[in-house]
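**Q** Sequence:
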Amino acid sequence: MTSGNPYVMRHKSIPEHERPVVSLTDYELLFLGTLFFGLLGTLSLGHSVLEEGLLELDLTVAHSVAGYWDAGRARKI
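The opening residue of the sequence shown carries number 24 in the working numbering; numbering runs sequentially from there.
If you're looking for bench data, these hints aren't it; they were derived computationally from the structure.
Watch out, some of these pointers could steer you wrong.
Pairwise CB distance ranges, derived in the manner of DEER restraints [unchecked claim]:
#  : residue 1 : residue 2 : range
1  : V45       : L66       : 52 to 60 Å
2  : S36       : E75       : 30 to 38 Å
3  : E75       : E39       : 54 to 62 Å
4  : H40       : E75       : 52 to 60 Å
5  : S67       : L47       : 38 to 46 Å
6  : S67       : V45       : 27 to 35 Å
7  : L55       : E75       : 27 to 35 Å
8  : T65       : V45       : 25 to 33 Å
9  : L68       : E41       : 42 to 50 Å
10 : L68       : P38       : 46 to 54 Å
11 : E39       : F60       : 31 to 39 Å
12 : P38       : E75       : 54 to 62 Å
Note that the coordinates shown come from a computational prediction; the quantities given were computed from them, not determined experimentally.
Idealized CB from N, CA, C, for every residue including glycine.
Generate the whole structure from the sequences, applying the supplied hints.
**A** Structure, rendered in structure tokens:
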């Protein structure tokens, strides 16, 4: 028993060739999960903000085109 760390003690009984290549601690998994869902939430929020902004831009362009069309029609009369 070289260390009091239960993680090390648990893996001592597993032969070297059968040990996992990557093993993450609970804190690392928590960090990665938080990072993943944080990025997912940011992208979702960014998409809705972008969509709202594009909708407003479309409405602005539509109002501008309608205004020019009305002004052009008024000049022809």
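**Q** If a hint holds in the structure, say so; if it doesn't, say that too.
**A** Now the hints, each set against the structure:
Distance hint check: the CB atoms of V45 and L66 are about 26 Å apart, inconsistent with the given range 52 to 60 Å. Evaluation of the 30 to 38 Å hint for S36 and E75 yields a failure: the beta carbon distance comes to about 57 Å. Look at E75 against E39: about 56 Å separates their beta carbons, and that is inside 54 to 62 Å. Between H40 and E75 the beta carbons are some 55 Å apart, a value that agrees with the proposed interval 52 to 60 Å.
Checked against the given bound of 38 to 46 Å, the beta carbons of S67 and L47, roughly 26 Å apart, lie outside it. In this structure the supplied range 27 to 35 Å holds for S67 paired with V45, their Cβ-Cβ distance being about 29 Å. Under the hint 27 to 35 Å, the C-beta atoms of L55 and E75, about 31 Å apart, fit the expected range. As the Cβ distance of T65 to V45 is approximately 26 Å, the hint placing it in 25 to 33 Å holds.
Taken as a hint, the range 42 to 50 Å holds for the pair L68 and E41, whose Cβ atoms sit roughly 44 Å apart. The hint said 46 to 54 Å for the Cβ distance between L68 and P38, and at roughly 48 Å that hint holds. Judged by the Cβ atoms, the range 31 to 39 Å given for E39 and F60 holds: they are separated by roughly 35 Å. Between P38 and E75 the C-beta distance comes to about 57 Å, which sits within the given range of 54 to 62 Å.
Going down the numbered hints, you'll see the structure goes against 1, 2, 5, while the others check out.
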